[in-house]
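Throughout, the working numbering is defined as the position within the sequence shown, counted from one, plus 25.
Among the hints, erroneous ones may be present.
Said to hold, decoys possible - Straight-line Cα separation of at most 20 Å, SDA-like style, residue types lysine to any residue; simulated pairs: (1) Lys236 <-> Asp172; (2) Lys160 <-> Glu294; (3) Lys160 <-> Ala231; (4) Lys160 <-> Ala282; (5) Lys160 <-> Asp62; (6) Lys236 <-> Glu294; (7) Lys160 <-> Asp138; (8) Lys160 <-> Arg337; (9) Lys298 <-> Thr70.
Stated by the list, open to error - Estimated spans, in silico, between C-beta atoms of each pair: (10) Asp138 <-> Ala368: 46 to 52 Å; (11) Asp297 <-> Gln36: 27 to 33 Å; (12) Glu301 <-> Asp330: 30 to 36 Å; (13) Lys298 <-> Gln377: 23 to 29 Å; (14) Thr73 <-> Arg329: 29 to 35 Å; (15) Ala374 <-> Leu48: 41 to 47 Å.
Worth flagging that the hints you see were computed from the coordinates, not collected in a lab.
Here a beta-carbon is modelled for each residue, glycine too, at the ideal position from N, C-alpha and C.
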Amino acid sequence: MKSKRPVPEHQVLLQGFLEGSVLGLARAISVVENERDGFQDLLHTVMTSGPQTKRVGFTGPPGAGKSSIVAAVATAYRGLEEHMGIVAVDPTSPYSGGALLGDRIRMNDIATDPGIFIRSMATRGSLGGLATSTKEVVDLMDSFGFDRVLVETVGVGQTELEVTAAADTVVVVLVPESGDAIQAMKAGLMEVADIFVVNKADRPGAPRLVKELRQALHLRAGRELRDIPAHHGVDLGKAMKRERMSDASEQEVEGWAVPVLTTNALTGEGVDKLLETIEAHRRWLVESGELGELRRARSGIRIRDVVDREMRRIAWNSERMNGLLTQGVEEISSGRGTPYSAADNILRALLQDRA
């Protein structure tokens, strides 16, 4: 990571990328996703202008119809002549390590649209739902010049929270079968949602779920959850001092009141309202100054992510460190050491090597 210049074999794809070639984008994503030699310098070269694209994340439990919602939203934005990238994160096959369920299958209606670029990514065992390199792929799509980037994550319980690291607006998609709002609170979805969508709203139980979500949000805004930092880890203390919002598109002076919408992605019902609300949230982010705060907080997280990854790479690509790891295992097995003493030895050696 010293040169900050792409390695020679990346120069051609970089030229294509900068000229707006979709093939150049696809190749750049492959380089980043597979962490090929020089991928960091490639990212550094294309990211110098900073984030510009509108980023919307979609998350929720399996079977909620997230892909159908994303396809419907993408179709609506294409009607507004927007060009967009879609990152769809799939479960990883335990055998091949590749994406187990290709989202292009669920998005057949939009996959051939030249104004939409879809990339499926495997979680590769990531506990955070998002693939390790998903945030960097979103950065690539941002730098490529799309009007908007949509990110759909795997429904894996509490780990949906990680979607906030890549999106400006987070849409949490639920269905009546998801259970009550208390389960959403336990899963941490209340903390990340900017918009709740109850999809498949024609099914029994939908009105009840909408009511419970609104009640839970009202309680969260007014009582014991008031002091919990919300909105993607950015402290919006003032935003907690609000009353219940009765209309989904209404904005309050001090903060964003999370709305609960209903949709039927298969028929398109409620999709226009969802788009209006996404745009309303975007306006609030800009006018309140929270977009800048959010991006600054995200930059700090990203710096830590990169440092953590590079430290792991430096440590475990070293024969000496792997030797100390083996030594530590033997010491623990013989009762002469603990994971903490072994880790201390490795860290001391690592710091000495980098001094």
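Hints and how they fare:
no. : hint                          : in the structure
1   : Lys236 <-> Asp172             : 34 Å, violated
2   : Lys160 <-> Glu294             : 31 Å, violated
3   : Lys160 <-> Ala231             : 33 Å, violated
4   : Lys160 <-> Ala282             : 27 Å, violated
5   : Lys160 <-> Asp62              : 18 Å, holds
6   : Lys236 <-> Glu294             : 19 Å, holds
7   : Lys160 <-> Asp138             : 24 Å, violated
8   : Lys160 <-> Arg337             : 18 Å, holds
9   : Lys298 <-> Thr70              : 38 Å, violated
10  : Asp138 <-> Ala368: 46 to 52 Å : 50 Å, holds
11  : Asp297 <-> Gln36: 27 to 33 Å  : 45 Å, violated
12  : Glu301 <-> Asp330: 30 to 36 Å : 33 Å, holds
13  : Lys298 <-> Gln377: 23 to 29 Å : 60 Å, violated
14  : Thr73 <-> Arg329: 29 to 35 Å  : 20 Å, violated
15  : Ala374 <-> Leu48: 41 to 47 Å  : 44 Å, holds
Hint compliance for this structure: hints 1, 2, 3, 4, 7, 9, 11, 13, 14 are not met, and every other hint is.
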